[in-house]
Structure formats: C-alpha cells, structure tokens
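First residue of the sequence shown: 153, per the numbering used here; consecutive thereafter.
Derived from the structure by calculation, the hints contain no laboratory data.
Each residue gets a CB set at the ideal place from its N, CA and C atoms; glycine is no exception.
Treat the hints with caution; some may be incorrect.
Claimed, not checked - Here are the computed distance ranges between Cβ atoms for each label pair: (1) Arg235 to Val178: 14 to 24 angstroms; (2) Gln216 to Pro240: 31 to 41 angstroms; (3) Ala230 to Thr207: 15 to 25 angstroms.
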Amino acid sequence: MDSISTELHSFLISFGQNPKLVSHQVGHYVEHLLQLLPTLNEQRLISFYGLFGKTRLTLRQLAQAKNETDTQTAENIAIDLRRLAVTPEWQMLKGLINKK
Numbered sequence: 153m154d155s156i157s158t159e160l161h162s163f164l165i166s167f168g169q170n171p172k173l174v175s176h177q178v179g180h181y182v183e184h185l186l187q188l189l190p191t192l193n194e195q196r197l198i199s200f201y202g203l204f205g206k207t208r209l210t211l212r213q214l215a216q217a218k219n220e221t222d223t224q225t226a227e228n229i230a231i232d233l234r235r236l237a238v239t240p241e242w243q244m245l246k247g248l249i250n251k252k
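Taking the hints into account, I'd like the entire structure generated from these sequences.
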C-alpha cells in the first residue's frame with residue numbers, strides 16, 4: 153500500500169473501531185466517499201473495516217466469499233483505497249478530520 157492510501161487506511165481502521173471519535177457529519181461524508189466505488193467494492197471496504205455498525209470480516213472471510221486468494225483480496229482493497237485516496241472528496245474530508 154502506498155503512502156497516500158495509508159492515511160485513509162489508518163483513518164478507516166480508527167473509524168471502524170470507534171465511530172464516536174468523529175462527528176456525525178464526518179461519518180456521513182465517509183458514506184459518500186465510499187459510494188464513489190462500485191457497490192461490491194464499497195461493501196467489501198465496509199466489511200473489512202467494520203464500518204457503520206457492520207461486523208468486521210477478516211481478509212480470509214472476504215476472500216472466501218469472492219472465491220479469491222487472500223492476496224487478491226488484499227490487492228483489490230489496496231486498489232480501492234488508492235482510488236479513494238486521490239479524490240478531492242477525501243482531501244476535503246481529511247481537512248475536516250485534521251481540524252479536530
């Protein structure tokens with residue numbers, strides 16, 4: 153995972169583990185950010201990070217559900233993170249998070 157994506161990855165881990173750390177508005181913006189992806193990719197990230205009250209699934213569980221290897225699933229997650237990390241939407245959201 154590249155450095156641009158790592159920042160988003162770290163935020164999503166924190167948000168998934170403790171959603172009360174961010175405002176309702178930021179949570180809403182995260183929903184919109186994820187909607188930039190195709191639905192199945194969006195759902196994969198929501199499940200992987202345990203966002204919005206969804207049970208967190210392991211890489212292995214996600215891979216098995218898609219008949220992929222763990223490596224393929226990890227690569228697909230990294231690709232999705234990169235797609236989101238370079239968007240103006242994430243840059244704006246990152247600015248809101250850093251103000252806290």
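Hints and how they fare:
no.: 1; hint: Arg235 to Val178: 14 to 24 angstroms; result: 20 angstroms, holds
no.: 2; hint: Gln216 to Pro240: 31 to 41 angstroms; result: 35 angstroms, holds
no.: 3; hint: Ala230 to Thr207: 15 to 25 angstroms; result: 22 angstroms, holds
Of the numbered hints listed earlier, not one is contradicted by the structure.
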